[in-house]
Amino acid sequence: MADFSFNISSQHGLARTGSITTPHGVINTPAFIPVGTQATLKALTPEQLKSTGAQAVLANAYHLYLRPGSGLIDKAGGLNKFMNWDGPTFTDSGGFQVMSLGTGFKKVIDLNGDQPSKKLGKKDKLAWVDNDGVTFKSHLDGSLHRFNPRVSMEIQHQIGADIIFAFDELTTLHDSYDYQVESLDQRTHPWAIQSLEAHKQLSLQRKDKPYQALFGVVQGAQYEDLRRKSAKFLGELDFDGFGLGGALTKDSMGEIVRWMVEELPEEKPRHMLGISEPDDIFECIENGADTFDCVSPARVGRNGALYTLSGRINITNARYKEDFRPIDESCDCYTCQNYTRAYINHLFRAGELLSNTLATIHNEQFIVRLVDGIRMSIDDDTYHNYKNRWLSCYYNK
RNA sequence: GCAGGGUUAGUGAAGCGGUCAAACACGUCAGACUGUAAAUCUGAUGGCUUAUGCCUUCGCAGGUUCGAAUCCUGCACCCUGCA
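Just so we're aligned, residue 11 is where the first sequence starts under the working numbering, counting upward by one.
It is worth saying that the hints were derived from the structure and are not from the lab.
Keep in mind that a hint or two might mislead.
What the hints assert, rightly or not - Listed next, the in silico DMTMM-like pairs over lysine to aspartate or glutamate satisfying Cα-Cα at most 20 Å (straight line):
#1 Lys219 - Asp84
#2 Lys91 - Glu164
#3 Lys260 - Asp185
#4 Lys91 - Asp218
#5 Lys331 - Glu362
#6 Lys278 - Asp389
#7 Lys217 - Asp248
#8 Lys219 - Asp250
#9 Lys91 - Glu57
#10 Lys278 - Asp248
#11 Lys242 - Asp195
#12 Lys60 - Asp382
#13 Lys210 - Glu164
#14 Lys219 - Glu164
#15 Lys278 - Asp250
#16 Lys242 - Glu276
#17 Lys219 - Asp96
Claimed, not checked - Computed spacing ranges between beta-carbons, pair by pair:
#18 Asn38 - Gln347: 20 to 28 Å
#19 Asn313 - Asp13: 35 to 43 Å
#20 Ser340 - Asp140: 50 to 58 Å
#21 Asp248 - Leu364: 41 to 49 Å
#22 His22 - Gly79: 44 to 52 Å
#23 Tyr233 - Asn324: 32 to 40 Å
What you are looking at is a predicted structure, and each value in this text was computed from that prediction instead of being measured.
Beta carbons: idealized from backbone N, C-alpha and C, even for Gly.
Kindly produce the complete structure, drawing on both the sequences and the hints.
Okay, structure coming up:
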């Protein structure tokens, strides 16, 4: 029996439930995977994270390479040991940073006067892409670094997550069609092959280490032909699963996922990268996504936005100052079982660190529970009821 | 009692004759966040308001000036030296 496997339990249309087995445990799918970029989910201990029902954590190769260094994590015995998380783990390849550091904030040019407006971007471009890889400036100290598929694989092997991603180029929706074609043909696809080759070599060199599954990442922006082409191309390669990548708009998300899923091999898991808003989760799952990760519940929570069954609230608003109810009456998370909106409002206003912890616990558990519910409803064949009931309440429709 | 310094919008604090409804910070009120350069960022914050518009403000009361938060006089309160 391999150290990595995916079993499908039930299927309705493109939606399906199943389980991914990794060396560090099983992930029942569909599943939401919280993001702990720097080998920590900000504001939570691993125990607190576990208590939200999170089944796995996704960390980031770029951040951990820069600090503390992936070699150090290797010395520590791998990501699980280093961060004291005993469950399954993922690492992102650094591909996202190709985009986020590469775009920077464009300087706004006043077309009339041809003068830069007052709102100059405060962020300068920190990454430059070529067909062989990406040159980065560290956001920590400005030092120059170079990533390519091989380097990303080496880093991800040293970190040692159970599921790792091929090095890809995440384009933006503003890039031209021609650029998207070029990005796929000259970078994302060749890089996928190079990632796979490097991964195989490294796996042989590190036979004593737990098996790492490599997922290829499908790109193609908003174009059906490119999405299908990318999925087909990667689907024929020897990946353990697939990442569904790219910046997507809400209105076309489900459709785009479907295009990819229709071309991908059915028996391998599909991980939707960077999605977690409730309506998007439904869209992705019913079009065949098995897992997804996102920073949003944590980040948004740290900034005071908390999920309730009837929509998101901003707990820092004045109206919650004397609201002695829990964030959500029906929520069984630690925060809702023990604290009031008034108290959390106070913590945020006082700038207390506990505000971040309580908010993060709630938001992560809220999304985990939502997906748990979806999983059960697919197994029970009550998905559409669940979805309609849930969304009509949340979006007040 | 004598000499000097001070009193500015919710708070602290710039301004020291026109470009001042008054910098900045904090606070307050809202908004944004989707593979985390994020415990971050953005906007509003005297009143009325669609306003490049009007009205009321810079301890209080007078005065000088075309024009005063800014200069003068008196008053009130607060600090600091010397008695």
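Going down the list of hints, with the structure as the test:
For the proposed pair Lys219 and Asp84, the alpha carbon gap of about 10 Å is at most 20 Å, so the pair holds. For the proposed pair Lys91 and Glu164, the alpha carbon gap of about 19 Å is at most 20 Å, so the pair holds. Taken as a hint, the Lys260 and Asp185 pair is honoured in the structure, with Cα atoms around 18 Å apart against an allowance of 20 Å. Proximity of Lys91 to Asp218 is assessed by CA-CA distance (about 16 Å); at most 20 Å being required, the pair is judged to hold.
Proximity of Lys331 to Glu362 is assessed by CA-CA distance (about 15 Å); at most 20 Å being required, the pair is judged to hold. This hinted pair checks out: Lys278 and Asp389 have alpha carbons roughly 19 Å apart, not beyond 20 Å. Taken as a hint, the Lys217 and Asp248 pair is honoured in the structure, with Cα atoms around 19 Å apart against an allowance of 20 Å. The straight-line distance between the Cα atoms of Lys219 and Asp250 is roughly 17 Å, inside the 20 Å bound, and the hint therefore holds.
Between Lys91 and Glu57, the direct Cα distance comes to roughly 14 Å. Compliance with the 20 Å bound is thereby established for this hinted pair. Between Lys278 and Asp248 the CA atoms are separated by roughly 11 Å; this keeps the pair inside 20 Å, and the hint holds. Proposed proximity of Lys242 and Asp195 is supported: the alpha carbons are some 13 Å apart, at most 20 Å. For a cut-off of 20 Å, the pair hint linking Lys60 to Asp382 stands: about 14 Å separates their Cα positions.
The straight-line distance between the Cα atoms of Lys210 and Glu164 is roughly 11 Å, inside the 20 Å bound, and the hint therefore holds. A threshold of 20 Å between alpha carbons decides the hint, and for Lys219 with Glu164 the separation of about 13 Å falls inside it, so the pair holds. Only pairs whose Cα atoms come within 20 Å are accepted, and Lys278 paired with Asp250 is accepted, the gap being roughly 6 Å. Between Lys242 and Glu276 the alpha-carbon distance is near 12 Å, which keeps this suggested pair within the 20 Å criterion.
A C-alpha spacing of about 15 Å is found between Lys219 and Asp96, which places the hinted pair at or below 20 Å, so the restraint holds. The hinted range of 20 to 28 Å is satisfied by Asn38 and Gln347, whose Cβ atoms lie roughly 24 Å apart. Roughly 39 Å separates the CB atoms of Asn313 and Asp13, a value that falls within the hinted 35 to 43 Å. Separation of Ser340 from Asp140 is about 52 Å and conforms to the stated range, judged on CB atoms against 50 to 58 Å.
Between Asp248 and Leu364 the C-beta distance comes to about 47 Å, which sits within the given range of 41 to 49 Å. A beta carbon spacing of about 46 Å between His22 and Gly79 agrees with the range 44 to 52 Å that was offered as a hint. Between Tyr233 and Asn324, the C-beta spacing of about 36 Å keeps the proposed range 32 to 40 Å intact.
Violated hints: none; the structure is consistent with every hint.
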